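So the protein sequences, as listed, match chains L and Y.
For what it's worth, the working numbering labels the leading residue of the first sequence as 1, then goes sequentially.
For what it's worth, the working numbering labels the leading residue of the second sequence as 1001, then goes sequentially.
Simulated from the structure, these hints should not be mistaken for lab results.
In this text, all values refer to a predicted model and were calculated from it rather than measured experimentally.
C-beta atoms are modelled at their ideal positions from N, C-alpha and C, and glycine is treated no differently.
Fair warning: there could be bad hints in the mix.
Said to hold, decoys possible - With a Cα cut of at most 25 Å, we get these calculated SDA-like pairs of lysine to any residue:
{"no.": "1", "chain 1": "Y", "residue 1": "LYS1062", "chain 2": "Y", "residue 2": "GLU1101"}
{"no.": "2", "chain 1": "L", "residue 1": "LYS43", "chain 2": "Y", "residue 2": "ILE1129"}
{"no.": "3", "chain 1": "Y", "residue 1": "LYS1005", "chain 2": "L", "residue 2": "LYS95"}
{"no.": "4", "chain 1": "Y", "residue 1": "LYS1006", "chain 2": "L", "residue 2": "GLY13"}
{"no.": "5", "chain 1": "L", "residue 1": "LYS15", "chain 2": "Y", "residue 2": "ALA1120"}
{"no.": "6", "chain 1": "L", "residue 1": "LYS83", "chain 2": "L", "residue 2": "GLY114"}
{"no.": "7", "chain 1": "L", "residue 1": "LYS15", "chain 2": "Y", "residue 2": "MET1122"}
{"no.": "8", "chain 1": "Y", "residue 1": "LYS1005", "chain 2": "L", "residue 2": "GLY13"}
{"no.": "9", "chain 1": "L", "residue 1": "LYS15", "chain 2": "Y", "residue 2": "ALA1032"}
{"no.": "10", "chain 1": "Y", "residue 1": "LYS1004", "chain 2": "L", "residue 2": "GLY112"}
{"no.": "11", "chain 1": "L", "residue 1": "LYS15", "chain 2": "Y", "residue 2": "HIS1127"}
{"no.": "12", "chain 1": "Y", "residue 1": "LYS1062", "chain 2": "L", "residue 2": "GLY112"}
{"no.": "13", "chain 1": "L", "residue 1": "LYS95", "chain 2": "Y", "residue 2": "PRO1131"}
{"no.": "14", "chain 1": "L", "residue 1": "LYS95", "chain 2": "Y", "residue 2": "ILE1019"}
{"no.": "15", "chain 1": "Y", "residue 1": "LYS1005", "chain 2": "L", "residue 2": "ALA40"}
{"no.": "16", "chain 1": "L", "residue 1": "LYS95", "chain 2": "Y", "residue 2": "ALA1032"}
{"no.": "17", "chain 1": "L", "residue 1": "LYS15", "chain 2": "Y", "residue 2": "MET1123"}
{"no.": "18", "chain 1": "L", "residue 1": "LYS95", "chain 2": "Y", "residue 2": "LEU1029"}
{"no.": "19", "chain 1": "Y", "residue 1": "LYS1005", "chain 2": "L", "residue 2": "LEU16"}
{"no.": "20", "chain 1": "Y", "residue 1": "LYS1004", "chain 2": "L", "residue 2": "GLY114"}
{"no.": "21", "chain 1": "Y", "residue 1": "LYS1005", "chain 2": "L", "residue 2": "ILE121"}
{"no.": "22", "chain 1": "L", "residue 1": "LYS95", "chain 2": "Y", "residue 2": "GLU1026"}
{"no.": "23", "chain 1": "L", "residue 1": "LYS95", "chain 2": "Y", "residue 2": "LYS1057"}
{"no.": "24", "chain 1": "L", "residue 1": "LYS100", "chain 2": "Y", "residue 2": "THR1018"}
{"no.": "25", "chain 1": "L", "residue 1": "LYS95", "chain 2": "Y", "residue 2": "HIS1016"}
{"no.": "26", "chain 1": "L", "residue 1": "LYS95", "chain 2": "Y", "residue 2": "TYR1022"}
{"no.": "27", "chain 1": "Y", "residue 1": "LYS1005", "chain 2": "L", "residue 2": "LYS83"}
{"no.": "28", "chain 1": "L", "residue 1": "LYS15", "chain 2": "Y", "residue 2": "ALA1124"}
{"no.": "29", "chain 1": "Y", "residue 1": "LYS1006", "chain 2": "L", "residue 2": "ASP86"}
Unchecked claim - Not close to chain Y: a few residues of chain L, all C-beta gaps over 10 Å, as computed:
{"no.": "30", "residue": "GLU79"}
{"no.": "31", "residue": "ALA82"}
{"no.": "32", "residue": "ASP101"}
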Amino acid sequence: MDWNGRGRTGVQGMKLAVVVYEGPYNHEASDSAYNFVQAALAKGHEIRGIFFYHDGVYNVTKLMEPPQDDRHIANRWSEIGAKGVDIVVCIAAAKRRGIKDEVLVSNVRISGLGQLTMMAIEADRVVTFGD
Amino acid sequence: MSEKKKIMFTVRKPPHGTIYVYEGLEVKLIMAAYDADISVVFMDDGVLALKAGQNTKELGIKGFEATYGALVDYEISQVYADRQSMEERGMTEDDLLVIGEDEDTEEPIRPQVIDSSEIAAMMAEQHNILPF
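So here's chain L without its partners, still in its complex pose (with noise of 0.2 Å):
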């Protein structure tokens, strides 16, 4: 299969980045990137990488602290990051808000815009999550 007329050929082994503009459970971009990653990985695609902007940075840091009963998003990233997917979350935002190295959950980094950067050049598709 031909997308776009882009020359790319089928849709098996795609190269795929993901990033997430919003923080966890007050909006759902989140558990749709990682239900969206989950199911890329399963059909055998690559990730290129995870990028945390905007409240999205929020995503990760290990200070939550939710119900028993109900997810952990950043233990389901770190639990992704573990798999040996590249996830990062940007430093410019995270400054911001207050979200620094000693915060985050394990197998998780914080890095510049170049990172997108390099994901965007670098991944067949960047999907974005957001509001």
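Model the placement of chain Y on the given structure of chain L, informed by the hints.
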């Protein structure tokens, strides 16, 4: 190496009331420093970000019209506004802010107003599109 990857930003949200457009501008300025072919398209409420003479003092925020004025200096010169979105919001080309000046003539450069069909054609050519 292959040729530069085409990356388009779309700005569809209103400029004030949320941080999306402001933080989105920060992304554009950073990305322009990389080896990519960057374009920016303002449409829907996003065209309101291009109105000249915005005063954010009463809002208590810094505002970004001055930064938009330096887009060409940042080598972001492919800046477009959707004609239909502007018309729907009562904007004309005279309302548009300046994004830089021509190196030779020193004439002010403004975003280029184009039709939705042209935007669609440009979108089809992009490697990736980032909504900011």
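Structure-based check of each hint:
A hinted pair counts as satisfied when its Cα atoms are at most 25 Å apart, and LYS1062 (chain Y) with GLU1101 (chain Y) qualifies at roughly 23 Å. A C-alpha spacing of about 23 Å is found between LYS43 (chain L) and ILE1129 (chain Y), which places the hinted pair at or below 25 Å, so the restraint holds. Restraint check: the Cα-Cα separation between LYS1005 (chain Y) and LYS95 (chain L) comes to about 30 Å, which exceeds 25 Å; the hinted pair is violated. Taken as a hint, the LYS1006 (chain Y) and GLY13 (chain L) pair is honoured in the structure, with Cα atoms around 22 Å apart against an allowance of 25 Å.
In summary, the hint linking LYS15 (chain L) to ALA1120 (chain Y) is supported, as the alpha carbons are separated by about 24 Å, within the 25 Å threshold. About 23 Å separates the Cα atoms of LYS83 (chain L) and GLY114 (chain L), which keeps this hinted pair within 25 Å; it holds. In summary, the hint linking LYS15 (chain L) to MET1122 (chain Y) is supported, as the alpha carbons are separated by about 22 Å, within the 25 Å threshold. For the hint pairing LYS1005 (chain Y) with GLY13 (chain L), the CA-to-CA distance comes to about 20 Å; that is within 25 Å, so the pair holds.
Only pairs whose Cα atoms come within 25 Å are accepted, and LYS15 (chain L) paired with ALA1032 (chain Y) is accepted, the gap being roughly 23 Å. Distance hint between LYS1004 (chain Y) and GLY112 (chain L) is fulfilled; the C-alpha atoms sit about 21 Å from each other, no more than 25 Å. The suggested pairing of LYS15 (chain L) with HIS1127 (chain Y) holds, with an alpha-carbon distance near 12 Å, which does not exceed 25 Å. Using a Cα cut-off of 25 Å, the hinted pair LYS1062 (chain Y) and GLY112 (chain L) holds, with the two alpha carbons roughly 22 Å apart.
Pair hint LYS95 (chain L) plus PRO1131 (chain Y) holds up; C-alpha atoms about 22 Å apart against a cutoff of 25 Å. A distance of roughly 14 Å separates the Cα atoms of LYS95 (chain L) and ILE1019 (chain Y); the hinted pair therefore holds under the 25 Å criterion. In summary, the hint linking LYS1005 (chain Y) to ALA40 (chain L) is supported, as the alpha carbons are separated by about 24 Å, within the 25 Å threshold. Between the alpha carbons of LYS95 (chain L) and ALA1032 (chain Y) the distance comes to roughly 22 Å, so the proposed pair stays at or under 25 Å and holds.
With a C-alpha separation of about 19 Å, the suggested pairing of LYS15 (chain L) with MET1123 (chain Y) holds against the 25 Å cut-off. A threshold of 25 Å between alpha carbons decides the hint, and for LYS95 (chain L) with LEU1029 (chain Y) the separation of about 18 Å falls inside it, so the pair holds. A C-alpha spacing of about 15 Å is found between LYS1005 (chain Y) and LEU16 (chain L), which places the hinted pair at or below 25 Å, so the restraint holds. Only pairs whose Cα atoms come within 25 Å are accepted, and LYS1004 (chain Y) paired with GLY114 (chain L) is accepted, the gap being roughly 16 Å.
Distance check on the hinted pair: LYS1005 (chain Y) and ILE121 (chain L) sit about 6 Å apart at the alpha-carbon level, within 25 Å; holds. Using a Cα cut-off of 25 Å, the hinted pair LYS95 (chain L) and GLU1026 (chain Y) holds, with the two alpha carbons roughly 14 Å apart. A threshold of 25 Å between alpha carbons decides the hint, and for LYS95 (chain L) with LYS1057 (chain Y) the separation of about 24 Å falls inside it, so the pair holds. For the suggested pair LYS100 (chain L) and THR1018 (chain Y), the alpha carbons sit about 22 Å apart, so the restraint of at most 25 Å is met.
Of the supplied pair hints, the one linking LYS95 (chain L) and HIS1016 (chain Y) holds, its CA atoms being roughly 21 Å apart against a limit of 25 Å. A threshold of 25 Å between alpha carbons decides the hint, and for LYS95 (chain L) with TYR1022 (chain Y) the separation of about 15 Å falls inside it, so the pair holds. Taking the CA atoms of LYS1005 (chain Y) and LYS83 (chain L), the gap is about 29 Å. The hint is violated against a cut of 25 Å. Proximity of LYS15 (chain L) to ALA1124 (chain Y) is assessed by CA-CA distance (about 19 Å); at most 25 Å being required, the pair is judged to hold.
A threshold of 25 Å between alpha carbons decides the hint, and for LYS1006 (chain Y) with ASP86 (chain L) the separation of about 23 Å falls inside it, so the pair holds. Chain Y leaves GLU79 (chain L) outside its interface by the beta-carbon criterion, the shortest separation being 27 Å against a cut-off of 10 Å. Chain Y leaves ALA82 (chain L) outside its interface by the beta-carbon criterion, the shortest separation being 27 Å against a cut-off of 10 Å. With a closest Cβ-Cβ approach of about 20 Å to chain Y, ASP101 (chain L) is found to remain outside the 10 Å limit, as its non-interface label requires.
Violated hints for the displayed structure, listed by number in ascending order: 3, 27.
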